[in-house]
Amino acid sequence: MIYEGHQITKALNLTTHTLVIGSGAGGGVVSYNLAKAGVKTIVLEEGGRFQAKDMTQREEQMYPQLYRAGAQQFTSDGQINVAQGSAFGGSTLINAADVTPIEPEVLKHWQKHHSISEITEATLAPSYKRVRQQIGAAKIQPNLINNNNDLIIDAAKKQGLKADTFDSNRKNCIGSGYCMQGCAYDAKRGTNLSYLPQASELGADIYTDVRVDRIEKLKNGQYKIHATVIERGLRTAIYPVEVIAKRVILSAGAVHSPAILKRSGLDKGLPQLGKNLSLQPQMVVGAQFDESRKMNSQRGIPQATYLSEYDDHNAEHGLGGYRIEGVGGVLSNMVGNFPGIGDQHKQLLKAYTHTHYSLLLIPDQPSGEINWQWKDDGTVVPKIDYVLTEEWKARARDAVKNIGQFFFNAGAKRVYFSNNNFPVLESAADLDKAQSFPIYPGVTTFISAHVQGTCRMGTNAQNSVVDQNLKLHTEDNIYVIDASIMPTSASTHTMLPIMAMADYAVHKMLASDES
Amino acid sequence: MNKPIKIPETTRRIFLKRSIQALGALAATPVLISVDAFAKEKLTADAQAPFNEDQLAVFRAITDAIIPQNGAFSTGALDVNLAELINTHLTYADQELVQGLQGALAFVEHESPKMIGKQSLRFSQLTLSERSNILEVMATLEGVAVQVFAGFKTLSLFFFYSTEQSWSEIGHLPPLVNR
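In order, the protein sequence lines correspond to chains P and G. The first sequence maps to residues 546 to 1060 in the working numbering. The second sequence maps to residues 35 to 213 in the working numbering.
Careful: at least some of the hints might be erroneous.
Straight-line alpha carbon distances no greater than 16 Å define the calculated EDC-like cross-link-like pairs of lysine to aspartate or glutamate that follow [said to hold, decoys possible]: (1) P:K895 with G:E198; (2) P:K920 with G:E130; (3) P:K958 with P:E776; (4) P:K920 with G:D128.
Think of the hints as simulated: they come from the structure by calculation, not from any bench. Since the structure is predicted, the reported quantities are computational estimates derived from the model, not experimental observations.
Excised from the complex, chain P in its bound form:
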């Protein structure tokens, strides 16, 4: 059954074998597989359940409802907007539906530098196959690629650079272009459609609008999970919920899984908890073309293609380099830091229909951590402390120059980046200015949609939080199965890596249960 918060009219006391916290890429896959295996499973999801009929295709209405903190979750210096879904389906409800595996070079990096010997392309292959089938992953159809995305492929081809089209998890997509505001047509096969309804049919009980506060370990080895039914929107407490479970699986994402463990006092003996945070910061690039060259960035699949020429993935550092990926359908969200105000700004937007928009994605090394702040009411809430490294900034400036060159070579008349204190580039002659591209709080805002690493997987409690079965080093029956466990950035998109790791881990878990 799926119970929504407004349907709950009293305090709840529940008992189950396995409790799953979160319903996104990790929790969705896990709960389905547990239910399929006959394991009594309860899922608690803090966000609400929103269906196709609820999606209005208006940014100012959908972001506050579907995103964590109303899309206002930031690093503590305000420089990076950390976007996470917070609804039935988690981030799979609001992502760009790009399906990319863990990069092979990243797996080699994990093996070489983190002693991850069990997670290989071969051991993950059955999981990829199952997950891809369940979510309907396939190459994006050419008729859904708009001019904005096609430009990347076309320009790369003419310049002899590498570019490609994404795989995605869409079915019967009409190309409305509002993916990041929740699909109004049930075309995007997030866990809200691909895993959770089936988990429910197989016997899992899923509660939405229920926030997990802490996990208490009982003397008999079981766990009591203290949770709260919350009011949708403001998220104020309504009723208490207690669940007794033999096993707990945290799939609350890389910010809140460590926060729940911290609030529960389960951080003891785990010095890496909350550390090793990767954010993969991104920024918007605009490239203005002749008025006759319409981009149609608003319709079609917003993020269908990418330029991979400048990827630099290897076994030494894992994910590296930088890339651009098309973007559209998020007008209000992307204009905030475009150069200038007044008529200078208006001139840029007047050219909206013939301006190409991309996201410049620059992978990072784990350089942040989740810390904790105590509120007046005594609760502990996570604080995302993250500082961009000098190496990353140098790569960003290199990216500004080379991506700017890419667009001028493609015929752009002007190129600009999300930066309040960096001029619009009027020709390739301006590209030398990239060396002084300013990066500090307030001057530009980056976007992170791929938060990873705060419960890193590894070989022992000194270098990591979970083992290669994704079980806490310090507890026999608590697992973390979400983006937290990635030792470093897994890929340029995290849905499939999380789903594959979840599928892999839950099958090992079930095999262990049987034995």
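Using the hints, position chain G against chain P.
Frame of chain P, contents of chain G only:
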């Protein structure tokens, strides 16, 4: 603006002190905390938009400088009552963010004119050209000034481009669903 804003110096300091952290978020915030219809219905009876008339006057002066009327296209912030629109959304915003914004308004109104040698005047008393000049100076600074600038700019542009009047100016298409 008819009346001066009467904010004692100590109060302004407290506002600004409280604002620092909120401004960090404000500087980048693309959207305000809002609530869905379910919660909004329950709150409407006693909820009030946070900015008073004096603060709204300052906010109008800021949004007008960011998105003035005319130029590349005619519609500006004043045409869509942008300050009032944002104030309505702020009804349900986190208190810390509201305090941050109020502190930021006080900063712009009273402190920022010094940046162009207009110590004796308030921001809302200046011409459009002077206000634009101040904001452009703020964009080049570091610390609170640029964060306040970025906060108001991001906030203003986010909600301006959520209006249908702005869409028709730039060729942005309306939603396909009508809900």
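Hint-by-hint comparison with the structure:
Of the pairs offered as hints, the one joining K895 of chain P and E198 of chain G holds, with about 15 Å between alpha carbons and a cut-off of 16 Å not exceeded. For the suggested pair K920 of chain P and E130 of chain G, the alpha carbons sit about 12 Å apart, so the restraint of at most 16 Å is met. Simply put, K958 of chain P and E776 of chain P have alpha-carbon atoms about 50 Å apart, too far for the 16 Å limit, and the pair is violated. For the proposed pair K920 of chain P and D128 of chain G, the alpha carbon gap of about 14 Å is at most 16 Å, so the pair holds.
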